[in-house]
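*Asks:* Listed below are the residues making up each chain.
2 protein chains.
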Amino acid sequence: MRYDKGTKELENWLIEEERFDAESLGKCEAIFCQGNGYLGVRNALNERYVGEKRGTFVTGTFDRFHESEVTELPNFPDTTWIEIDIEGSRFSMLRGKVLEYSRIMNLKNGEMVRTTVWEDTAGHQVRFSFRRIVSMEDMNVMAERVEIQPLNRDIEIRLTSGIDGTVTNTGTQHFTEGTRRFHSGRYLGMVCKTIQSGVTAAIHTGHIFSLNGDVREPELLPIIERRAIKVRSEFQLKKNEVLTVEKMTVIHTSRDLEYEGIEISDWETFLMEKGREHIEKACAAGYDILKIESAKVWREIWEQEDIRIRSEDPFDQLAIRFAIYHLNIMVKKDDSRVGIGAKALSGEGYKGHSFWDTEIFILPYYMMTQPETARTLLEYRYKNLYGARKKALENGYEGAMYPWESAWIDDGETTPLWGAADVVTGETLKILTGIIEQHISADIAFAIWSYYQVTADESFMETCGYEMIFDTARFWADRVEWNDTEMRYEINDVIGPDEYKEHVNNNAYTNYMVHFNMELACILIQLCRREKSDIYSRLNSQMDLSALEEKLEERRRLLYLPLPEKDSGLIPQFDGFWKLKKLDLAKYKSCSVVGTIYDDYNMEQINSFQVIKQADVVLLMQLLSDRFSEEIRRKNFIYYEECTLHDSSLSKSAHCVSACELGFEEMAYQFFQGASRIDLGPAMKSSDAGIHSAAMGGIWQCVVMGFGGVRIRDGELVLNPILPDAWDNLFYRICFGKAKLEISVERETVNVKNHGSAIILQVMGRKLEIKCGDSVTVGREGTATA
Amino acid sequence: MRYDKGTKELENWLIEEERFDAESLGKCEAIFCQGNGYLGVRNALNERYVGEKRGTFVTGTFDRFHESEVTELPNFPDTTWIEIDIEGSRFSMLRGKVLEYSRIMNLKNGEMVRTTVWEDTAGHQVRFSFRRIVSMEDMNVMAERVEIQPLNRDIEIRLTSGIDGTVTNTGTQHFTEGTRRFHSGRYLGMVCKTIQSGVTAAIHTGHIFSLNGDVREPELLPIIERRAIKVRSEFQLKKNEVLTVEKMTVIHTSRDLEYEGIEISDWETFLMEKGREHIEKACAAGYDILKIESAKVWREIWEQEDIRIRSEDPFDQLAIRFAIYHLNIMVKKDDSRVGIGAKALSGEGYKGHSFWDTEIFILPYYMMTQPETARTLLEYRYKNLYGARKKALENGYEGAMYPWESAWIDDGETTPLWGAADVVTGETLKILTGIIEQHISADIAFAIWSYYQVTADESFMETCGYEMIFDTARFWADRVEWNDTEMRYEINDVIGPDEYKEHVNNNAYTNYMVHFNMELACILIQLCRREKSDIYSRLNSQMDLSALEEKLEERRRLLYLPLPEKDSGLIPQFDGFWKLKKLDLAKYKSCSVVGTIYDDYNMEQINSFQVIKQADVVLLMQLLSDRFSEEIRRKNFIYYEECTLHDSSLSKSAHCVSACELGFEEMAYQFFQGASRIDLGPAMKSSDAGIHSAAMGGIWQCVVMGFGGVRIRDGELVLNPILPDAWDNLFYRICFGKAKLEISVERETVNVKNHGSAIILQVMGRKLEIKCGDSVTVGREGTATA
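Taken in order, these protein sequences are the chains called F and Y.
The numbering of the first sequence is the numbering used here, which starts it at 121 and goes up by one.
The numbering of the second sequence is the numbering used here, which starts it at 121 and goes up by one.
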C-alpha cells in the first residue's frame, strides 16, 4: 500500500495498492469500499479470485436465514463482476504476467481507478483500466467503466456480465432465486426477496459499449442461469483500439419505498418496472456524467468537513480524510430505522449489527459536524426502545435494556450465542456480551445528553430523549442488586468495556455510567415536572415518574462506586482486579495482529490475568472526567495502559484523547498513529470482514477531541488544543449549538472563526464570546486578539 | 486428457489429465467423480480455484430451500479442501511454475492420484502427491493422502484443513450452520440439518501426520469460523523430507439410520457421537488400509462385470469400463427410497432428480448384471406411486401419472417451472416437461415388464409390478381424448422424447408406448384374475379391475397409432410433422457442443423445423421392434437420423443399438464412439454439472445390446452379435433368469458359457439350450459346437 501517491490538488487524497496481492484481497475490498449510506459496495475486482469476498449491502435490509441464527445484513446479488476472455482465455492477473498495476482510491471524488497492463500466456499484451463509483447523488446507482486496449496484437474479446445472485453471507443465502428479466434485450433485471424478513430487492444492470469512443451496439446473447442473468458479447479489436464498456447498476428495495410511505400490493412487478426506468436513465447519463454528479456531492462534503493537518508525516492528513470519507458513506442520513454497523456497509463482520460503538465512538463526529445525522442515529435508538423493552422484559427487568447488538428496530437482542473455538478445550465459546455486557443502556443515555449539550435540540429531547433517559434509568433501578452486608447497591456479573474479563462484579465503568444515567434521569424528571408539564404528564402516565424518581434517588445514592485507593489513587476495574496475576504483555503488544493472546490462552485463563483488551477505566475517566481529578486520571491512565493490549479498535483512539487531556502528547501521537492504522495500516487481514466504523469515529476523535482539544464542560464548549511535535498546524471545523466554528491550531496560537450564531466558549482556559463572522486568536499563554 | 496411460495390468484402466487447465475444472471434477452409491464426491482439487464446483452429495437427502424452488440434492459441507502455505504463500498451480503435472483416475481400484512438482515464485521446488478414495467397503468413509516434499530448499509449511460448510448449490444453502466440535482436540465434527426436509447430517474429519514415514502429532490450532471448523498446523521441512497428511472423512445422516429402523430423539447428539466413533476408527485404519479394503470391493465388481473389447482403438475398452465404473457408484443398491439422478451423485445438474433415463437407458444394465439393484430401482418407483397418484389427482386424472422429475418418494412433480432465457425475446422459458412430457408413465410400465422378462421375478410383480402397470394404464385410460371426427382416441398436447417439439398431438412414441401399457395391463389383469386371486382381489378392491379392463380394452383398441405411410414407410413423429420446414443441420451436427441451435433460434422457431433433439420414432421402433418390420424400421431410422441433432445424451446410444439391429455396423460404431465421448470426449464443459448417468447406461447398451446383440423376444433371450470392423473380440457377461452367461464374440463365431441354471436361447438365429457349465460356440452361419 502506498499513501503518498497524490500530488498537487490530490496530495494526501489517494490511497494506492501498488502491487496485486491475491493473498490480501480483503484489505482493499474493505478500505476502498464505496457507498453512500444506502449502498455499500466492497471493492472486489471485476474478475474473480479465490479468497475474495464480494459484497454489496443495502442499509437496513436485515434478514434471518434460519431460526438457529440471528438476523444479519444480507449480501446482495453482485453486479461488480465482469468476465473478460481474451482470445478464449479468461483474464486473471494470476495467469500470464502483470506488467503494470495500480489501484487507486481517490477519497476526494470517491472514484476507484485500477490500471494494469497484462500479458497473457500467449504473449498478447493488453492495457486495462477499470473505474468504479457508487453515486453520492443518486443513492440507488453505481457505475463502472472498463477500457480494454490490445497493445501488441489484434485480439478477440468476449465479455460476460450481468447480475450474480449466487453470492451468500459466507454460505448463508438470504434471497429467493427471484425473477429475472431482459428488458428490450438491453437491460437486465432481477427481483428477489429476503426469505424471512420479506424485503423485495430489485437489481438492474445495463451496459454501454464503445469502440475508440464511438458507441457500438453489439449483439448481446442473453443467458439465464441459476440465480444469475447475464449477457455475452464478442469483439474483434485491432492493436491499439480501445473498447470501453460501461456497466451501470441500480438497486431498489421495498424497504426504501415503504419508508417513503408508498404502499404497493405487487412489489415484484412494481420494482421490476421502477428499476427498468432507473437503469435506462442511468445508462442514458453514462459513467462520466454519473461520476461528475457524485463528485460534486463529495466536493460539497469536503468543503464543509475537510480537516487539514500539516504534519511531518503526510499520512496523518490522509488518515483523517480516510476516516471522514468512511464516516460519510456509512449512514443514510435520513433513515432512522437503522443504526451503523460495526463494519458499516463494508463487510459481513458483526452481521451489520449496531453496538455502543455508535454512541461512544462515532456519534461525537456527527454531533459536531452533521447534527441532523446524529439526531437520526439517536432516533433509531428511540425506535429501538421497542426492542430494548422487549429485552428487559425477557430478562425480568423493567424499563429499557438496550440490546448489545441490534438490527431491526423491533428486534430485541441479536447477539449470536456462539463464537470462535476455545484453544484449550476446542469447544465453541458462548458469546456472553448479549447477555451480560449491559453498559450500552447507560452509554446511550450518555450520548443523548452529549448530543443535547452540543445541539440544544430541545425538540429531540421532548419527542425522544427524556423518555429514553428515563426508561434506561428505570431499567438500571431495577437491575442494581442490594448487598445486605455492604449495605449498598451493586451491579454484579457483567462484562465491562474490557471484554477480556467476563462475569465481573462492580465494573467501575458500568457502575459510574449507571450512576450518571440514574442521576441524569432524576434531574430531568424534576426539570420536566417543573418546566415541561406536557412531557411530564405523557411520560408519567407511562412510567409513574414520582415513584421512579424516588427509586432512582435511593439507588443512585446507595450505588457502589469504587473510589480511588488511598495510596495509589487507582480505581479497581472491578471487584478483585488487584488479585489477578500480572502477565508479561510485550509479546502481544508488539504484534501487529490483535487477539493473538487467544493463541496461547483460553478465556478462563485470560480472565485470571491483569490483561485488558481495551480502554475501560481510562474511558470512564474520559467520559466522566469531571468526577476525577487530573492526578487520579493520570495515575489510572498510566497503570491501566500498561495492562492494555489495545485488542479492540475502540482502544487506541480513547487512549489518544485521554493522553491529550493529560498532556502526554507524544504518547497521544503514538496512539493516534496506531488508531489511524487500524484499517490503513500494514496488517493485511484485519479489515477482511469490513472496516472498523468505530475506528473511523475514533480517528476523528483523536484529531478533534484529542489534539483539537474539544471538550464539553457543564454544557460549555472548551478548547484546549495540543499539537504533537510532528504537527505544525491543525485546522478543523465543528458546530456547537448554532455556532459554526473553524479552528486553526498553530504551535503557539489557536484561531477560532465563527460563521454561525454567537457563542461563549473557553479557549486555552480563557472565556470568550465569539460573534458571527468574528475571528479570535488566543495565545498559548491565554492572550487573545480579535 | 489422455486415455492410453495405463500399461500392463492397468492397460485401458486409467484416465489421465496431463496438463492442469484452470478453465476446464468441471471436466475432471465430474468424470473423476468418486463414490459408492451413498456418497458421491466430485474430484475437486484440494486447493481452491475460481470456476471450481466442489460437490459432496449423499443419496436421497433432498431439501427444498424455499417454496419458490423445487427440492434438490443438497451439496454437503466440504472436506476435500486443504490449504497449503509454503513459506507463507498459498499453494496454487496458477502461481509460480508447474514443472510436472499428472492427475490419474484409476477405474480399476477407484483411486485418484495427482502428482505435481511446483515451483513457487521464490524458487522453492516442491513435489506433491495427492490421493483420494471414497470407500466402496464402508459407505460413510472417504480418505485423502497428501505428500509434500521440498526438492531444493528447506521450507516452512502451514496446513489448514477441516470442514467447510459454506458450500451451496450455486448459491442456495440447504443446511443450518449447525454445531461444530473438536473431539479430544484431534477430530472435527459438524452436525447440521437440512432446512426444510430436516435431514440431520454429521460430517467428521481427522488428520494423521507423518514425517518421512514416522507418525507425528503436531500441535493443532483449533479454528471455528462461520459454517466452518478447522485445524492449523505448522512444519519445518528439510530438503527431501516427506511430510504426509492423511485426511479421513466420515459422513452420516439421520436418513441412513431411519432406514435401518433406528429411532432417535436427539439426532444431533447421536450423530455427533456416532461420527466421532467412526472417524476414530477410520483414522486408526489409515489411508492404505482403507484403500485396500475399497479396492477389494472394486476387484470383486470387475471380476463379475468387466467387459473386454479387443479394438483397434483401445479407447473403446476404456469407455465401457468408464461406464461400468460410474454405473457402480451411482446407486445405493439396497435403498429403494431414491432413484438415480440424471447426473447421478456427480453434480448439481438436474438437482439430483430422476427421469425416464433410469428406466429406458440405465435399467437394462442393472437388469442383466445386478438384478437386485434393478429391483431396488423399480421399488423406488413403486414407493413413488404416492407421488404419481398425487400428480394425477392434481392434473384431474385417475391412476398413476409419474412425475417427469422426481426426488422424495412422496413428492409429486419436482420439475422446476422456469429455465434458461429465450435468445429472441430474452424472457425466461417455462419448462414444460413437468406438465406435458408424459410418456414416462408408460416407460416405467415398459421397464417393469422388461425386468420381469429378464428376471422372472414373480415376487416383485406381485408386491409391486402389477399394481404399477395397472395404475399407469388407469391413468392413460383417463388421459386419452376422444376425437369425435376421427372416431378415435388421441393423446394431444404432449412432448415426446424429442424435446425440440412442444405441444404436439399424437406423438408416435407416446401413443405406441401408451398402447403397450394399456394392452399389457389388460393381459395382466386377465392373468391375475385367472392365476393370482390374492393379488387380483387386493388390487380389485383398490381400482375395480373389471371396469378398468373394459375401459382399457376399448380405449386401447380405439387409440390412434400412426401407421407407416404407404409409399415412404415413414411414421410421422406427430401430427403435422411432414409440414414442418427442413433445416440444414450441418452446422449443428458438426459442432461438438450440444444445444447450439438455441444460439440461433428460439423454441418457437425450433418447433417449426424438422429438427429433432434425440431418438424419438427411432427409439420407439427399438423398444417395440416386434411391431414394425425391419424394412419399416430401416426407412424410419434413415429418415429421422438425418433430422436428429443428438443434442441429448440419450440419443447416440439409442441410435447405435438400432443401427446394430438394422445391420448398419459402421454407423453403429460411429454412434458408439459419439456416445462414449459424451463425458470422456474433448468437450471440456459438457460435464460441468455432472456426468450423464443415462449415457453410462447408453454406453453399456451400445456394447451389450448393440454389438453384443442382446435382445428379448417374447420373453426369450436372443443374441445377434455384430462386430464393428475395428473390433476383433467382445467379451461380456449377462444374467438372464437364473442363467449366468459369458459371451465371447469373435468375428466368425459366438461363444456362450453358462455358469447358472440351464437356459434356452437363440444365438445367431439358432435356438439352443445351454446347461450350467456348458460352453457352446456358434458360427456366423449358424453352426454350433459344444
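These are computed hints drawn from the structure, not numbers from a lab.
Incorrect hints may have been included.
No copy labels: a pair is met if it fits in one copy or bridges any two.
[Stated by the list, open to error] Listed next, the in silico DSS-like pairs over lysine-lysine satisfying Cα-Cα at most 30 Å (straight line):
hint	residue 1	residue 2
1	K707	K358
2	K125	K416
3	K858	K503
4	K503	K805
5	K510	K873
6	K217	K173
7	K805	K173
8	K217	K805
9	K699	K510
10	K416	K401
11	K217	K671
12	K671	K860
13	K510	K709
14	K686	K755
*Asks:* Broken hints, numbered, in rising order?
*Replies:* Checked against the structure, the hints that fail are numbers 4, 5, 9, 11, 12 and 13, while the rest are satisfied.
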